[in-house]
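Sequences and hints are given; from them, build the entire structure.
Chains A and B, in that order, are what the protein sequence lines are.
Counting from 282, one number per residue, gives the positions in the first sequence under my numbering.
Counting from 282, one number per residue, gives the positions in the second sequence under my numbering.
Among the hints, a few may not be true.
You can't tell identical chains apart in this list, so a pair holds if it fits in one copy or across any two.
Unchecked claim - Simulated pairs of lysine-lysine, BS3-like, Cα-Cα distance not exceeding 25 angstroms: (1) 467 - 430; (2) 853 - 924; (3) 930 - 870; (4) 902 - 444; (5) 831 - 430; (6) 623 - 463; (7) 362 - 930; (8) 558 - 463; (9) 745 - 924; (10) 344 - 463; (11) 558 - 623; (12) 558 - 870; (13) 902 - 430; (14) 430 - 444; (15) 902 - 344; (16) 344 - 299; (17) 362 - 344; (18) 870 - 467.
Hints were generated in silico from the structure; no laboratory data involved.
Since the model is a prediction, treat every value here as computed from it, not as a measurement.
There are 2 protein chains.
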Amino acid sequence: MTDALEKDPLVLFMPSGKRGRFPVGTPVLEAARQLGVYVESVCGGRATCGRCQIEVQEGNFAKHGIISSNDHISPVGPKEKRYAEVRTLPEGRRLSCSASIQGDLVVDVPQDTVVNAQVVRKAASDRVIERNPAVHLCYVEVDEPDMHKPLGDLDRMKVMLEKDWGYSDLQVAPYLYPEVQKILRKGNWTVTAAIHRDSPTSRPTIVALWPGLHNEAYGLACDIGSTTIAMHLVSLLSGRVVASSGTSNPQIRFGEDLMSRVSYVMMNPDGREAMTKAVRQAVSELTDKVCAEGGVARTDILDSVFVANPIMHHLFLGIDPTELGQAPFALAVSGAVSCEAKDIDLALNPGARTYLLPCIAGHVGADAAGATLAEGPHRQDRMMLLVDVGTNAEIVLGNSARTVAASSPTGPAFEGAEISCGQRAAPGAIERVRIDAATLEPRFKVIGVEPWSDEPGFAEAAEKTGITGICGSAIIEVVAEMYLSGVISADGVVDGNMAERSPRILPNGRTFSYLLHDGAQKITVTQNDVRAIQLAKAALYAGIKLLMEKLGVDSVDTIRFAGAFGSFIDPKYAMVLGLIPDCDLAEVKAVGNAAGTGALMALLNRGHRREIEETVTRIEKIETALEPHFQQLFIDAMAMPNKVDPFPKLSAVVTLPERKILADGDGGEGGGRRRRRSRD
Amino acid sequence: MTDALEKDPLVLFMPSGKRGRFPVGTPVLEAARQLGVYVESVCGGRATCGRCQIEVQEGNFAKHGIISSNDHISPVGPKEKRYAEVRTLPEGRRLSCSASIQGDLVVDVPQDTVVNAQVVRKAASDRVIERNPAVHLCYVEVDEPDMHKPLGDLDRMKVMLEKDWGYSDLQVAPYLYPEVQKILRKGNWTVTAAIHRDSPTSRPTIVALWPGLHNEAYGLACDIGSTTIAMHLVSLLSGRVVASSGTSNPQIRFGEDLMSRVSYVMMNPDGREAMTKAVRQAVSELTDKVCAEGGVARTDILDSVFVANPIMHHLFLGIDPTELGQAPFALAVSGAVSCEAKDIDLALNPGARTYLLPCIAGHVGADAAGATLAEGPHRQDRMMLLVDVGTNAEIVLGNSARTVAASSPTGPAFEGAEISCGQRAAPGAIERVRIDAATLEPRFKVIGVEPWSDEPGFAEAAEKTGITGICGSAIIEVVAEMYLSGVISADGVVDGNMAERSPRILPNGRTFSYLLHDGAQKITVTQNDVRAIQLAKAALYAGIKLLMEKLGVDSVDTIRFAGAFGSFIDPKYAMVLGLIPDCDLAEVKAVGNAAGTGALMALLNRGHRREIEETVTRIEKIETALEPHFQQLFIDAMAMPNKVDPFPKLSAVVTLPERKILADGDGGEGGGRRRRRSRD
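And the structure:
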């Protein structure tokens, strides 16, 4: 007997690497389940749903001591053959419910996104999202009614869901009570039930029913930003993203930035309702858009996950955000929210569910939680800085031992507001800038124009677009280049002395500007523009520094820029300006919409919901406004890159200017005055 | 130390009889909780809700070895004094949260219905309903927002609900998200939360919130009958029934009996919707009525429990009942239903819940389950027969070892339909009848008339009402009296030979009638009337007998008549006619609306929900139509009281006529023919 067991075939599943011995004849699906390898199945082993596909890897896997061969798996049987005829099964693929183990095997659970991928989507950060969605499709064959056993239709179905799928104590979405009879008869006593179970302490609930085999279910992952709403439509069964789209947040008509929207609520009796309606309407229209793009019916969407900043989070839930506009910035609800999609007026499947990630603090929202989940400072040992820059910068710093978070009031400068020639990223906007340190002459690139401004054909190409302004991200670059070329001092003063060397330095009242382009429109960077960027970057850096001090660290190992801003700026210039602390430049990465990636993770794996809920309770929140030291850090951070902090790693790759003192003491404003005085 | 413990005061709680020793200074409420004695408290020991009142019994309770005295409880302290001043505390009452144990005590937990009664309502059967409602009011004081601890308002409230009341992992009714902020501020950071937790496997859910202390919560218990809807409005805190009322089921306009309503659904495309709307509307109007009567706001109603026959159950839930009108009589839903009140269009508190008891079988509904719960055959060792007579009789028979149930198609005769002079119970209807066996002269009582028909003043009194017909229950009595006086034979044939003895026996075509009253209207009981009653009672008895045979018993120990019918008929006459098997007459009891009592029990104690859910799975359902033996039992039961079954206990108190054979063989119909032939 022991002998026989030792001779049981050895089966290795890839890519999980889980392995075990199983008696000859064990279905491969059964072996996977016993080992905890996630292989989807809707039909419960009837070889009809095709979700449980696997592939045998042939060869001698000496490292694992396995010679794997297609001869070591049972031949294609009649059920599998029928499936392959009706539905087509790709070459080499087998249905693991029907194929059984006959000898040693290396089994690949396909990683592609078309069918049953355990690994379903490479997030921006190249991490893998394991699937374990909150909604599970279960096909069952139900006994017909029997006068001798007067259990109801629904109750007989529950019996089979327990027998075949192990779900006991099932709740039922009430809208199904009037439907179950028709559905069972239409399916000739076969039915697919969608069962929602979010947390282990929730009772599983039947949220949808379809006659017969229903082999697809979708979910929405959505990031509601102040400016933009972004949405993914994803197959909950394969993990495949079938459509992604975005739309403007229509609340912009009530106010560009968050605080003006809060003011609108405070000053208009029905302001809150109007804004809730507007954002829900936009989410609904975006749902239409991704459904059309993906060819998916709304009724096939069974789950949805949202992230948002605190004010959007509150407005989306119908909560008055006024309290968030004033100290102590009290959230009405900070924990994760779980409800039905219809509770937030979202018409998906009538039983569809909604989950909102928790907020971290009054200014650090569910979007920051999503980004944290996606980037995972709490999952690793290195010190990670995660920054999401908007009107407020949300900052998370830490590692698996300890994580802290704060928001810092960067203001709208990074978004191009308050910048004299700022404009949004559109054709005609300057997006890249270089300044020759010797001549102080610039060259630049314009959105919609292929050549740089100093390359042949630029003028002709730029005629179509015009040269209309500087886009949000380029403002970082131009100010950094001005600093590197000596146009401005470390304290941010445009050096009027340079006017002697270059006609690009123009007097502008009592200060000076840099003329970036002289055409139909004069595009200049003024002293005020530089000041606005300095204020914004000082706020961001001071917030980061505060968190570093809390953790007692002098440097960070790796930096993640989340959000659109991070995707467009060059990490080198961000560091030259001192937005972020010194770090190996290769370790500064833009991760795109990390908040949306976090939403996607929580959609595809309910374990990630528990992970972020638990993580948020452990994140220590720092309120910058309450930290007496913040003011000094802010002042130090007005200088470029910083008045007191060294940037050794940056200095190794970029030659930073010698510190040129145009004014003593406190940098910017004082410097300006001093210089003006010296010119009087 | 051991010595000290032995000298700890001994406290005995009445009426539970639970006792224990507690250190001097232990609050009485705490002692009660440790012993599992149910004492309500909303404020959590702050001496503000007044729900935890107790009374000290003074005296020497030798049996218990306790000398109890008001000196053995702490004197009234400042908090209790303040409560007594503001709210008034009845003489002798103490707040158990504030009063502490100082010596041996006998403590009475008041049984009255005004405050905090553990025993809250005597059901018709004199049993006691212990309280353990699914909704619990919990007052908490919530920390104010703190920038250093950015938990949301809701989340800080949850912290206190866990700390003070032990509720962890709380869910929240989504409508509260936008409300919680305002409510907490309005209550100056104090709040009362209503927490719903039905079964131990459900997550507790916050279903309602009020600023400050909210000291009352109500529930509805409702029985939806085909003809009448009955409702109780009950305090969930004290158990007091504050209003009870009834209304006609407006579905009557779609059809008098259940089957004609099913036909209406089958023949009208929007018939199901119309009937669902009608019954929900009636429940809503009845809710208004009990709320007005009890002076209760709808928003203070947090829970509701419904019972109904299977067709009403389905229509109320919006389920097409067509399947119930044809074999195999398949219920769409048989198990208990738990949902929100708003799911069935019932506007109570927005978070209010609804529970429907399970159905036993396609013809044995949640009403029968309610009656079973109320009367409890499954809770006792004696063999109990529980009968609810309507168009279908629902029959439950059994004891704690085994219980069986069936329905039997009695038809509408017992409700007065198909009876030539039948009418509903209203002034002018004959309600009691006696027939002199010697003279065959009747005397009777008329609804709305005080004297019997042979007493002085009857004629004058009856002038106001008239004498218009025989009400449903009296038809049992008159047929039984006709049998006892020899007007009809044991086979139910009106004896034409009697016409020679009395002018009351009138020929009526080929058969004879009995003239009960000769006035403005001739009120007669025809041969067809007797046949209708015989058919109905034979169906009922045969169903009962079938269940007795299933259990292998020859007799039952006790009989319960549920429903209006049972309240009006005389058990003796029911037995004389053979509606029910032989039994000690003192053991035949009418229990009124037992189904409604069952709903009330399930409302006041969620343990009763589990009890009936579990009981229903154990009840064996017998489908009379499928039992070959049923036909013979039915034929035997056509005779009075029965062709083959003896009635020894009945015979001991009522002289049953000698068996008079007017026709051989199979009783009724054959007898009639034979007699007619003999007169030809």
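Against the structure, the hints come out as follows:
With identical chains, the CA atoms of residue 467 and residue 430 are at most 25 angstroms apart within one copy only, with a shortest distance of 22 angstroms there and 55 angstroms across copies. Taking CA atoms no more than 25 angstroms apart as the test, residue 853 paired with residue 924 passes inside one copy only; the shortest distance there is 18 angstroms, against 105 angstroms between copies. In the homo-oligomer, the alpha carbons of residue 930 and residue 870 lie at most 25 angstroms apart inside one protomer (16 angstroms), although the nearest pairing across protomers, at 94 angstroms, exceeds that limit. Only between protomers do residue 902 and residue 444 lie at most 25 angstroms apart by alpha-carbon distance; the minimum there is 23 angstroms, versus 47 angstroms within a single protomer.
In this assembly of identical chains, residue 831 and residue 430 lie within 25 angstroms of each other by CA distance solely across copies; the values are 16 angstroms between and 67 angstroms within a copy. Taking the shortest alpha-carbon separations for residue 623 and residue 463, both the intra-copy value of 23 angstroms and the inter-copy value of 23 angstroms come in at or below 25 angstroms. In this assembly of identical chains, the alpha carbons of residue 362 and residue 930 never lie at most 25 angstroms apart, being 62 angstroms within a copy and 73 angstroms across copies at closest. With identical chains, the CA atoms of residue 558 and residue 463 are at most 25 angstroms apart between copies only, with a shortest distance of 20 angstroms across copies and 35 angstroms within one.
Taking the closest pair of Cα atoms, residue 745 and residue 924 never come within 25 angstroms of each other, the shortest separation being 44 angstroms inside a single copy and 108 angstroms across copies. Taking CA atoms no more than 25 angstroms apart as the test, residue 344 paired with residue 463 passes in neither setting, with 56 angstroms inside one copy and 65 angstroms between copies. Taking the shortest alpha-carbon separations for residue 558 and residue 623, both the intra-copy value of 13 angstroms and the inter-copy value of 22 angstroms come in at or below 25 angstroms. For a Cα distance limit of 25 angstroms, the shortest separation of residue 558 from residue 870 qualifies neither inside one copy, at 36 angstroms, nor across copies, at 60 angstroms.
Taking the shortest alpha-carbon separations for residue 902 and residue 430, only the inter-copy value of 7 angstroms comes in at or below 25 angstroms, while the best intra-copy value is 59 angstroms. For a Cα distance limit of 25 angstroms, the shortest separation of residue 430 from residue 444 inside one copy, 17 angstroms, qualifies, whereas the shortest one across copies, 47 angstroms, does not. Taking the shortest alpha-carbon separations for residue 902 and residue 344, neither the intra-copy value of 48 angstroms nor the inter-copy value of 63 angstroms comes in at or below 25 angstroms. In this assembly of identical chains, residue 344 and residue 299 lie within 25 angstroms of each other by CA distance solely inside one copy; the values are 14 angstroms within and 69 angstroms between copies.
When the C-alpha separation of residue 362 and residue 344 is checked against a cutoff of 25 angstroms, the pair qualifies neither within a copy, at 34 angstroms, nor between copies, at 82 angstroms. Taking CA atoms no more than 25 angstroms apart as the test, residue 870 paired with residue 467 passes in neither setting, with 54 angstroms inside one copy and 47 angstroms between copies.
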